[in-house]
Amino acid sequence: MSSVRLSDLHRTTSFRLALLFVALFGAASLMLFGFLYWRTAGYLSAETDDWLAREQAALARTAPGELAARLDDHGISDPGLQRPFAWFDASGNRIAGELTTLPSPFPPMDRPFEFMLKQGERNVSFRGLAHRLPAGGIILVSQNVHEMNEFSERLVGAMAWGGLLVLLMALGGAALTGIGALRRIDGVTRAIERIVGGDLAERLPTRGPGGDLDRLVHVVNSMLDDLERLMHEVKGVCDGIAHDLRTPLTRLLAGLERARRRAMSADDYATAVDEAIAEMQGILSTFSALLRISEVEDGARRGGFTVLDLAKVAADVTEFYDPLAEGKDIALSLESTGPVEISGDPSLLFEAISNLVDNAIKFTASGGRVAVRTFCGNEGLGVIVADTGPGIPAEERDAVLRRFHRAEKSRHTPGTGLGLSLVAAISRLHGFRLEIEDAGPGCRVTLWRDGGPGEPAPSARQHLADVERKVVHPEKLAAAEIVSLKP
Amino acid sequence: MARVLIVEDDAQTAAEIAAALGELGFDVECAYTGREGLLKAAADKYEAIVLDRMLPGDLDGLAVLSTLRAVGVDAPVLILSALSAVDERVRGLRAGGDDYLTKPFEFIELTARLEVLVRRRKAPQRETMLRVGDLEVDLVTREVRRAGRVMELLPREYRLLEYLMRHPGQVVTRTMLFEEVWEYRYDERTNVIDVHIGKLRRKLEEGGMPSMIQTLRGSGYVLRAAE
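Chains U and W are the protein sequences, given in the same order. Throughout the first sequence, residue numbering follows this note's numbering, covering 6 to 492 in sequence. Throughout the second sequence, residue numbering follows this note's numbering, covering 52 to 278 in sequence.
Read the hints as simulated data drawn from the structure, not as lab findings. Be aware that one or more of the hints could be misleading.
Partial pick of chain W residues on the chain U-facing surface, computed with a CB cut under 7 Å [unchecked claim]:
hint: 1; residue: C81
hint: 2; residue: R120
hint: 3; residue: V246
EDC-like cross-link-like pairs, simulated, lysine to aspartate or glutamate; straight-line CA separation at most 20 Å [what the hints assert, rightly or not]:
hint: 4; chain 1: W; residue 1: K254; chain 2: W; residue 2: E234
hint: 5; chain 1: U; residue 1: K333; chain 2: U; residue 2: E300
hint: 6; chain 1: U; residue 1: K240; chain 2: U; residue 2: D230
hint: 7; chain 1: W; residue 1: K254; chain 2: U; residue 2: E442
hint: 8; chain 1: U; residue 1: K367; chain 2: U; residue 2: D327
hint: 9; chain 1: U; residue 1: K317; chain 2: W; residue 2: E231
hint: 10; chain 1: U; residue 1: K367; chain 2: W; residue 2: E239
hint: 11; chain 1: W; residue 1: K250; chain 2: U; residue 2: D230
hint: 12; chain 1: W; residue 1: K154; chain 2: U; residue 2: E300
hint: 13; chain 1: U; residue 1: K367; chain 2: W; residue 2: E230
hint: 14; chain 1: W; residue 1: K250; chain 2: U; residue 2: E300
hint: 15; chain 1: W; residue 1: K154; chain 2: W; residue 2: D245
hint: 16; chain 1: U; residue 1: K317; chain 2: W; residue 2: E239
hint: 17; chain 1: U; residue 1: K367; chain 2: U; residue 2: D334
hint: 18; chain 1: W; residue 1: K250; chain 2: U; residue 2: D327
hint: 19; chain 1: W; residue 1: K250; chain 2: W; residue 2: E239
hint: 20; chain 1: U; residue 1: K317; chain 2: W; residue 2: E230
hint: 21; chain 1: W; residue 1: K250; chain 2: U; residue 2: D334
hint: 22; chain 1: U; residue 1: K317; chain 2: W; residue 2: E278
hint: 23; chain 1: W; residue 1: K250; chain 2: U; residue 2: E284
hint: 24; chain 1: W; residue 1: K91; chain 2: W; residue 2: D61
hint: 25; chain 1: W; residue 1: K250; chain 2: W; residue 2: E178
hint: 26; chain 1: U; residue 1: K333; chain 2: W; residue 2: E203
hint: 27; chain 1: W; residue 1: K250; chain 2: U; residue 2: E442
hint: 28; chain 1: U; residue 1: K367; chain 2: U; residue 2: E300
hint: 29; chain 1: W; residue 1: K154; chain 2: U; residue 2: D230
hint: 30; chain 1: U; residue 1: K123; chain 2: U; residue 2: E103
hint: 31; chain 1: W; residue 1: K254; chain 2: U; residue 2: E300
hint: 32; chain 1: U; residue 1: K317; chain 2: W; residue 2: E234
hint: 33; chain 1: W; residue 1: K96; chain 2: W; residue 2: D61
hint: 34; chain 1: W; residue 1: K254; chain 2: U; residue 2: D327
hint: 35; chain 1: W; residue 1: K154; chain 2: W; residue 2: E67
From the three backbone atoms N, C-alpha and C, an ideal C-beta is built for every residue, glycine too.
Working from the sequences, and respecting the hints, build out all of it.
As structure tokens, then:
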């Protein structure tokens, strides 16, 4: 439906532009040609008219008695009848000279005029000037202007042909550029149609780095790259949701159906209901974890940024997990080089660090160690969570950050598989880089960014200003109000 | 008996909330539109209002709330919302809400929070000593005694106990403890708080004392005087 159609040609912008130029150029050329013709033709006839006036005046001064002889002399010197002179009486009959009759219709007096004279087979143009003599009779001087007219005609012809040629070439050029543009647009249209049809790997055709259309196409293509990446992510997430929600939903349905088939007592039903509630809570936590990730990735949480001490958050997390580590006989240690002031959301950072610590404790065997360390210096600031567990193989380190990914060996441990991707989203929100390394043995996860103490990332600086203006963050304010109402 | 108004457009949700609160001994009234809720709340005195954030029609939850506060109704309001974003919560609390719960929620969370809201208004203003049965907490010296015997608690354990002591006989959920004692806010789904409570419980029961902290199915705890 979108191949080049010549009927569409006149609608293309470049064709119309070319036509406009043709029209402008044509008008300019026409004016130039007209001017040239007018000046040339005017010059030629002015020369003739001058000569005619001089000759006629000379004849008029000649005495009537000598006039016939003079005309005869002139006739001898003009055998080719190029400049015929003649003398007629008042009724138009020839008295002397080369012309036999007065040109008809009766010529005007003392004003140049043109007339035709039959010479052999052809009519020849002459320009003449008639004068009535005071003594009676009319003298007529004339000149053959056939060649002069011929020249003018050829000039006009040459101009017309030249103009036609230019017009044709211009039309051809306009059509060519129009077709070229139409082809490109058609190529782009076809590519877009394929993309709309679902082929997200398709890109708009380019012809190299230059050109205005190419610049536009490059921008659109890089936008398509982003879209494709996002669509892949969304698709991955959808597949993940389909798997991680369908599995517990299947268990939920199966459990409820089993209860309906087999439950004999109220206790059986109570057990089935408890199981169903537990499954439901698992599903809800997966669901809300997904919503949280998109909320965090959306950047909306920046509104909750405040100035905080990362070392304090890390200390809170360590303290929070201490009993759990103790119960599993894991040494959970905290190291700090001093306060790490950044702008951020304390709850999100707590969630991120506690996710890391939770994982570390989960995957470290009894008797192992988990170390949380915050640092702040010239090399940057951040937090490290290291453990002596099995570690993450190098080839899986990128994959663990993706939503729903779980290392094969951890399939049996509880969890949504969203923890690390949430950590990744939170660290991106705070301008941190997330690095997973081999701690030999064990795994070391580092959240860090450049910048010394009190040097928040540029994006955070604005939020710092906001926070300072508000003095207290509204959420904290609301919490403070609640607390103050208490007994 | 405490009277509670539920403003919720979904009749079944309203009925479920009413049933859950009824079991706890609340006298429940339902309204299904913002206008109806506004009229009822302004006409009668309620101990607490459960308000859906998104109501159909021209009066949504926040508009109802601001109007109520403007006309001087000061009953505590717990906002229910399907919007989980933090700024939504902040907007709800700014409009005059006292607490904010995101749908879907566990009923124990709703009832526990509502009970705290209702009782908070009745509690005496200033105390220096909390007493539940044979357990005493001196808020000035931070000394904890059970049956006269001084107990050594870590700072966090002290704060946990203090919060439980301030709400004796009331259900307190993990989320509430996490928010109040650790002062971070997110949907904490691990069982770490259970471990903390377990440690506190063991200290309280040292020397063969009877148990005071009861764990409820779901995710709540109740501190009661030992019998």
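Status of the hints after comparison with the structure:
no., hint, result
1, C81, "25 Å, violated"
2, R120, "13 Å, violated"
3, V246, "4 Å, holds"
4, W:K254 to W:E234, "23 Å, violated"
5, U:K333 to U:E300, "34 Å, violated"
6, U:K240 to U:D230, "15 Å, holds"
7, W:K254 to U:E442, "40 Å, violated"
8, U:K367 to U:D327, "13 Å, holds"
9, U:K317 to W:E231, "17 Å, holds"
10, U:K367 to W:E239, "16 Å, holds"
11, W:K250 to U:D230, "54 Å, violated"
12, W:K154 to U:E300, "16 Å, holds"
13, U:K367 to W:E230, "24 Å, violated"
14, W:K250 to U:E300, "35 Å, violated"
15, W:K154 to W:D245, "24 Å, violated"
16, U:K317 to W:E239, "19 Å, holds"
17, U:K367 to U:D334, "12 Å, holds"
18, W:K250 to U:D327, "11 Å, holds"
19, W:K250 to W:E239, "19 Å, holds"
20, U:K317 to W:E230, "17 Å, holds"
21, W:K250 to U:D334, "15 Å, holds"
22, U:K317 to W:E278, "41 Å, violated"
23, W:K250 to U:E284, "28 Å, violated"
24, W:K91 to W:D61, "17 Å, holds"
25, W:K250 to W:E178, "26 Å, violated"
26, U:K333 to W:E203, "23 Å, violated"
27, W:K250 to U:E442, "34 Å, violated"
28, U:K367 to U:E300, "27 Å, violated"
29, W:K154 to U:D230, "37 Å, violated"
30, U:K123 to U:E103, "13 Å, holds"
31, W:K254 to U:E300, "41 Å, violated"
32, U:K317 to W:E234, "12 Å, holds"
33, W:K96 to W:D61, "23 Å, violated"
34, W:K254 to U:D327, "16 Å, holds"
35, W:K154 to W:E67, "13 Å, holds"
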